[in-house]
Amino acid sequence: MTLTTWLFKNSKACPFLLLEIIAILFCYQSSLAYVDVQTSTSFGFYRNYKKLNQFPVFHSWSLNGFYENGVESSVEFYLNNNFSENQWQLIPTQMQINLPLQPETNYSDSKLKVGRQLFSEGFDFALLDGLLVPYYLDMSSGIMPVIGYLRSTDFEQKEDNSSPLLGMIYWTSLKGIRFRGGYHARDTDFENRYIHTSFQYQWDALPWKPLLYLKQEFIATNMNFNQSYSELIFSPSNTVETRFSYTNLNPRPTNHSEKHTFIYQIFSLSPMETVATEWTWKKSEQATFNLSLEQGFYQSNKGNENSSRQDFSMDYSIKSGQSISPCFIHMKSYGGEIHDLCLRYSIENTINSKYIAELNSAYINKINQIEGWVQHVRGSYETTLSNRAKVLLALEVERNQYFIFDMRTMAYVTNYL
Amino acid sequence: MSPTIFNSLFYLFTRGTLTLFLFSSFLLAQNQGKDPESKSKALREPIKTLFDHKKHKGPFNKSSTSCTDCHTFSVKSPSSDPLAANVPSGYLQPSKKVCHECHLAKISLARVNQCSLCHSQPEKLIPENHKLAWKKRHGHVAQMEPESCHACHKENQNSCNNCHTQKNTLKPIVHRANFRMTHAIEARGNPARCTTCHTSSQFCSRCHESGGSR
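Taken in order, these protein sequences are the chains called A and B.
For what it's worth, the working numbering labels the leading residue of the first sequence as 1, then goes sequentially.
For what it's worth, the working numbering labels the leading residue of the second sequence as 1001, then goes sequentially.
One chain only, chain A, in its complex shape (with noise of 0.2 Å):
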């Protein structure tokens, strides 16, 4: 076993440790910092279609520290829980401290940065039980290694999905062009490597000030192409905005192993391909109009497959405090099609209350042979009850080829303390 194989093994349980050096920080150090915590409590109660009460409770905690010297940590963990399937769950989302590496620079973003944290960098979106490293080289280039765990945010599922990763990113700025790339080895043994580019330029000078996004992602050990998304936006004014993008997109499940139990490849054997563009018109304060169209294809063990969707929205603010969002989308893919029709209310009295309702009536007809209306209300009351707490009550009622009536009622409450 090599060292590092040995370090990924047991650093699963540096979360755990990390509490432990946070907490002992937060005991003997809390005359010396900034500490602010959050508590946020949820409860319902419904039932299901098999007429089965349910009362889920939800309850999330987290504390920041701000310390002397600049270091800082931040812990943030949930319960979760529905008694009646006894699914209790602890489970830490956030738990790392920050060390700052150039004080004495205006490089503030240079850190240290250990324990459990989000990571996203190329195509990967998760969780990291490890070390990253940012370090400014100059204002607008730097480097930054990192080490860890890579774990899927959903936390619901029982088997252990993490994947050792190992990975340098590179980022700069050369007249105008915004470069970052990095280069990851993960899995067991390190034995999948990618490397992956992205570059960011906006002509400013040009009518409409075109912006260009380019994302790859490269196999290391062939240099073949795995993935990419491009995106071009133009702005004509401060007002309106229109893109296009094109996706090719593999399945990239957190752990690779799972690659082939994993819900892209039920559907898809190829990569996915999509052509979307979208227009959003900002008409004055009081509206926005957006509109976005899109194309899919990929090859699945039917064939050739394609999907589509229209989307039209619209956010209008009826005067002050109340605004209106109706929107129509229109969807077709193998699995069926949906025209939906929503519409959002909300009425935002003063800083300190806030109605909303939401309507979604759609005409869905299924692959399954479900055909027909179905309805979806929701509705709820949010009010401050001091500096330091809110409230939200809510109310939701579905009626659909599986319910004739079914309605859950919601409450929350935050507490900052």
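Note that these hints are calculated values from the structure, not bench results.
We put the CB at the ideal spot given by N, CA and C, even for glycine.
Hints are all accurate, no fakes.
The calculated BS3-like cross-link candidates involving lysine-lysine, where the alpha carbons are at most 30 Å apart (straight line), are:
1) B:Lys1136 with A:Lys319
2) B:Lys1131 with A:Lys354
3) A:Lys319 with B:Lys1131
4) B:Lys1131 with A:Lys283
5) B:Lys1154 with B:Lys1096
6) A:Lys354 with B:Lys1135
7) B:Lys1136 with A:Lys332
8) B:Lys1135 with A:Lys175
9) B:Lys1136 with A:Lys175
10) A:Lys354 with B:Lys1124
11) B:Lys1131 with A:Lys175
12) B:Lys1124 with A:Lys283
13) B:Lys1062 with B:Lys1048
14) B:Lys1136 with A:Lys354
15) B:Lys1135 with A:Lys283
16) B:Lys1135 with A:Lys366
17) B:Lys1154 with A:Lys175
18) B:Lys1124 with B:Lys1096
19) B:Lys1097 with B:Lys1048
20) B:Lys1135 with A:Lys319
21) A:Lys302 with A:Lys366
22) B:Lys1135 with A:Lys332
23) A:Lys332 with A:Lys302
24) A:Lys209 with B:Lys1131
25) A:Lys354 with A:Lys319
26) B:Lys1124 with B:Lys1136
27) A:Lys209 with B:Lys1124
28) B:Lys1131 with B:Lys1097
29) A:Lys366 with A:Lys51
30) A:Lys354 with B:Lys1154
31) B:Lys1135 with A:Lys209
32) B:Lys1136 with A:Lys283
33) A:Lys175 with A:Lys209
34) B:Lys1054 with B:Lys1097
Covered stretches of chain B (in silico footprint by chain A; criterion: 3 or more residues with CB under 8 Å from a CB of chain A, positions within the stretch not fixed):
35) 1128 to 1135
36) 1139 to 1153
37) 1175 to 1183
38) 1189 to 1198
Model the placement of chain B on the given structure of chain A, informed by the hints.
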């Protein structure tokens, strides 16, 4: 890229660009002479009332903040004559931005809305680029220019986690109503969209293999 996709892409691009040109020419003509944005960042009270030296004494001591951190004395007398008049005291006032040196960097007060402590209309503080299709675009900007996000969103204070890792099943904030009934059609239409967030192979099976009781 297959010919079908290329044709679709070409069609969307040419048709879209042409329509956009006509559409935007119309809009630009409509918007001539209008001020599209109110830049109001009004404070709830005058800054002299909001900021109290006595109340800040404790926090300043804790964070080793000295007088010259705010009062930089960067304005010098134009005269080198030692007997010349002093710099008017107004010039020694710290910049309003200096409040953010702590409030956006070092500390986060335990409040429902920090910005509303001082600003009467916090919604006016939202940057321009956040107002058009930002929900779809913010991920790329956050990857390419993380330091621009950190100027306002404290890195370790759940700015990203609040939406991306906290899976409160009671409070759906991503999917629209009726999604439980329609998600199969969307998943079959664009499975890549689902797997941006749901990166575990067990995600579907938890409901579908347990008979949908959840």
